[in-house]
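Visitor: The primary structure of each chain is shown beneath.
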Amino acid sequence: DAGVIQSPRHEVTEMGQEVTLRCKPISGHNSLFWYRQTMMRGLELLIYFNNNVPIDDSGMPEDRFSAKMPNASFSTLKIQPSEPRDSAVYFCAISPTALNTEAFFGQGTRLTVV
Amino acid sequence: AQSVTQPDIHITVSEGASLELRCNYSYGATPYLFWYVQSPGQGLQLLLKYFSGDTLVQGIKGFEAEFKRSQSSFNLRKPSVHWSDAAEYFCAVGERGYQKVTFGTGTKLQVIP
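These protein sequences, in sequence, are chains R and H. Take the working numbering: the last position of the first sequence gets the number 114, and nothing is skipped along the way. Take the working numbering: the last position of the second sequence gets the number 227, and nothing is skipped along the way.
Among the clues, some could well be false.
A short, non-exhaustive set of chain H residues, derived as facing chain R with CB atoms under 8 Å [claimed, not checked]:
1) Leu160
2) Phe177
3) Gln213
4) Val215
5) Gly220
6) Gln224
These aren't lab readings, by the way, just hints derived from the structure by calculation. As the structure is a prediction and not an experimental result, all values here were calculated from the model. Cβ atoms here follow ideal geometry from the backbone N, Cα and C, with glycine treated the same way.
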């Protein structure tokens, strides 16, 4: 996970508030992925980018979720408004090429919505 | 659509014993296959991957996996488990030419002295 820095590591927020999760790749990559991990549903792909362009957002659960990648060094995942069922660990991962190769994961952001 | 099944939710082995974690996939063609490990509070780390060629793949930390097309399996093995191997293990399958990877539900490994 040395190639990706996520912030914050932990976030506790009240239902209805806006939440922004951040991802900063620190090594070369072509693709960036956002995953959500829960006990019930396991690891789910929410969205991924190739060369900063969103390619597949079919995993984004609702319109409350949005993701941006304004440049190669930064991406955000926003939830507005947040709900308790959004509580999960959110991972950002990068892949060095546009082909289907291994992904390097950040340490994740644990989100709790109360 | 591709899918991955890890039938064992939790496995306990003694330190020094051999280990095999099962993974079955569903995919129409030859897939890309991965095994990742996740320690508590950490992200996933790649152990090994299969793209083509030799069906027995060597990975880091002494792990290996064998791709068996006839059984649609990609089981992970280690001949002698160490206490530090206690973690959760994820099998994943990817489509060739497409970035989407589908993860299994994971197998938690407990290692007892």
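Visitor: Regarding the hint that Gln213 (chain H) lies at the interface with chain R, is the smallest CB-CB distance below 8 Å?
Guide: For Gln213 (chain H), the interface hint holds, since the closest Cβ of chain R sits about 6 Å away, which is under 8 Å.
Visitor: Against chain R, is Leu160 (chain H) within 8 Å by beta-carbon distance?
Guide: The hint holds - Leu160 (chain H) has a Cβ within 8 Å of chain R, the shortest such distance being about 5 Å.
Visitor: Go through the hint on Phe177 (chain H) and say holds or violated, using the shortest Cβ distance to chain R against 8 Å.
Guide: Phe177 (chain H) check fails; min Cβ-Cβ to chain R is 14 Å, beyond 8 Å.
Visitor: Does the nearest C-beta of chain R fall within a distance shorter than 8 Å of the C-beta of Gln224 (chain H)?
Guide: violated (17 Å)
Visitor: Holds or violated: is the Cβ of Val215 (chain H) closer than 8 Å to a Cβ in chain R?
Guide: Because about 7 Å separates Val215 (chain H) from the closest Cβ in chain R, which is inside the 8 Å limit, the hint holds.
Visitor: Return the status of the interface hint for Gly220 (chain H): holds when the least beta-carbon distance to chain R is below 8 Å, violated otherwise.
Guide: Status holds, d = 6 Å.
Hints 2, 6 from the list above are not met by this structure, while the remaining hints are.
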